[in-house]
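**Student:** All chains should be built: construct the whole structure from the sequences, respecting the hints.
The listed protein sequences correspond, in order, to chains A and B. According to our numbering, the first sequence is numbered sequentially starting from 1. According to our numbering, the second sequence is numbered sequentially starting from 113.
It cannot be assumed that every hint is accurate.
Claimed, not checked - Computed cross-link-like contacts, BS3-like style, restricted to lysine-lysine with a CA-CA straight-line distance of at most 30 Å:
1) B:Lys121 - A:Lys36
2) A:Lys99 - B:Lys121
3) B:Lys121 - A:Lys67
4) B:Lys169 - A:Lys70
5) A:Lys99 - A:Lys70
6) A:Lys111 - A:Lys68
7) B:Lys182 - A:Lys99
8) A:Lys68 - A:Lys56
9) A:Lys99 - B:Lys169
10) A:Lys111 - A:Lys56
11) A:Lys99 - A:Lys68
What the hints assert, rightly or not - For the chain A half of the interface with chain B, some residues (derived, Cβ under 10 Å), not all of them:
12) Leu8
13) Gln37
14) Gly40
15) Gly42
16) Gln44
17) Leu45
18) Tyr48
19) Arg60
20) Thr62
21) Gly82
22) Phe88
23) Ala90
Stated by the list, open to error - What follows is a set of in silico ranges between Cβ atoms, one per label pair, in the way DEER data are often shown:
24) B:Pro173 - A:Asn52: 24 to 34 Å
25) B:Thr127 - A:Asn52: 44 to 54 Å
26) B:Ser179 - A:Gly15: 49 to 59 Å
27) B:Val124 - A:Pro39: 17 to 27 Å
28) B:Pro151 - A:Thr25: 20 to 30 Å
29) B:Glu171 - A:Gly40: 19 to 29 Å
30) B:Thr117 - A:Phe9: 40 to 50 Å
31) B:Asp138 - A:Gly40: 14 to 24 Å
32) A:Thr23 - B:Glu171: 11 to 21 Å
33) A:Asn21 - B:Arg156: 17 to 27 Å
34) B:Thr223 - A:Lys68: 43 to 53 Å
I should point out that these hints are in silico values taken from the structure, not numbers from a laboratory. C-beta atoms are modelled at their ideal positions from N, C-alpha and C, and glycine is treated no differently.
Listed below are the residues making up each chain.
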Amino acid sequence: GEDVEQSLFLSVREGDSSVINCTYTDSSSTYLYWYKQEPGAGLQLLTYIFSNMDMKQDQRLTVLLNKKDKHLSLRIADTQTGDSAIYFCAERGRTGGFKTIFGAGTRLFVKA
Amino acid sequence: NAGVTQTPKFRVLKTGQSMTLLCAQDMNHEYMYWYRQDPGMGLRLIHYSVGEGTTAKGEVPDGYNVSRLKKQNFLLGLESAAPSQTSVYFCASTPGTVSYEQYFGPGTRLTVT
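**Tutor:** If you want it as structure tokens, here you go:
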């Protein structure tokens, strides 16, 4: 079945850039997402990219998509302590109620 | 708009007890989903619904039942709780096929002893 994989932890210093990587297996993915989860809360959509795009920039966030390698990355520029959270990569296919498959989440630690 | 709400927020059950988790959305969304979140495993889909009166199995449906009698509500039932069902449960909704985003509730933390 479809799978989404990402590393579990990332630690950066405040002000540095963070890069969170993700790989997926479903070649029919239509949308790829990055969600953010803060402690004790549900997931909130951070950004998304359509499968026919290579890059999307949104303020401090840059999403890069390599469809050939099925690799997605999220870059956060000038990382702040408020960016500390769990970041989930997810992909949405074309079948089965447009289900979204989530990765296990990358916990980002930002050191002051 | 309240968005997606879940009740209760916390619950402790003994093995074999039953309970129902309620999810409500006031955005007139067609699709609704129940996930469970376990450490190191991300979110796994339990059941979902593509409209009022319809439900379908997700990735981990065993031990759970669902109902969508009204468009705004999606109920998740545990008939006989087991310790393996200790988890955080999230409900989500989305308008339909053209939407790119799922809207999540705040979660229900369930412990089965």
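**Student:** Look at each hint and say if it fits the structure.
**Tutor:** Tested hints:
| no. | hint | in the structure |
| --- | --- | --- |
| 1 | B:Lys121 - A:Lys36 | holds, 20 Å |
| 2 | A:Lys99 - B:Lys121 | holds, 25 Å |
| 3 | B:Lys121 - A:Lys67 | violated, 39 Å |
| 4 | B:Lys169 - A:Lys70 | holds, 27 Å |
| 5 | A:Lys99 - A:Lys70 | holds, 18 Å |
| 6 | A:Lys111 - A:Lys68 | violated, 34 Å |
| 7 | B:Lys182 - A:Lys99 | holds, 21 Å |
| 8 | A:Lys68 - A:Lys56 | holds, 17 Å |
| 9 | A:Lys99 - B:Lys169 | holds, 11 Å |
| 10 | A:Lys111 - A:Lys56 | holds, 27 Å |
| 11 | A:Lys99 - A:Lys68 | holds, 22 Å |
| 12 | Leu8 | holds, 7 Å |
| 13 | Gln37 | holds, 9 Å |
| 14 | Gly40 | holds, 8 Å |
| 15 | Gly42 | holds, 4 Å |
| 16 | Gln44 | holds, 7 Å |
| 17 | Leu45 | holds, 5 Å |
| 18 | Tyr48 | holds, 5 Å |
| 19 | Arg60 | violated, 20 Å |
| 20 | Thr62 | violated, 18 Å |
| 21 | Gly82 | violated, 19 Å |
| 22 | Phe88 | holds, 6 Å |
| 23 | Ala90 | holds, 8 Å |
| 24 | B:Pro173 - A:Asn52: 24 to 34 Å | holds, 33 Å |
| 25 | B:Thr127 - A:Asn52: 44 to 54 Å | holds, 49 Å |
| 26 | B:Ser179 - A:Gly15: 49 to 59 Å | holds, 50 Å |
| 27 | B:Val124 - A:Pro39: 17 to 27 Å | holds, 20 Å |
| 28 | B:Pro151 - A:Thr25: 20 to 30 Å | holds, 23 Å |
| 29 | B:Glu171 - A:Gly40: 19 to 29 Å | holds, 24 Å |
| 30 | B:Thr117 - A:Phe9: 40 to 50 Å | violated, 32 Å |
| 31 | B:Asp138 - A:Gly40: 14 to 24 Å | holds, 22 Å |
| 32 | A:Thr23 - B:Glu171: 11 to 21 Å | holds, 19 Å |
| 33 | A:Asn21 - B:Arg156: 17 to 27 Å | holds, 21 Å |
| 34 | B:Thr223 - A:Lys68: 43 to 53 Å | holds, 44 Å |
This entry does not satisfy hints 3, 6, 19, 20, 21, 30, going by the numbered hints stated previously.
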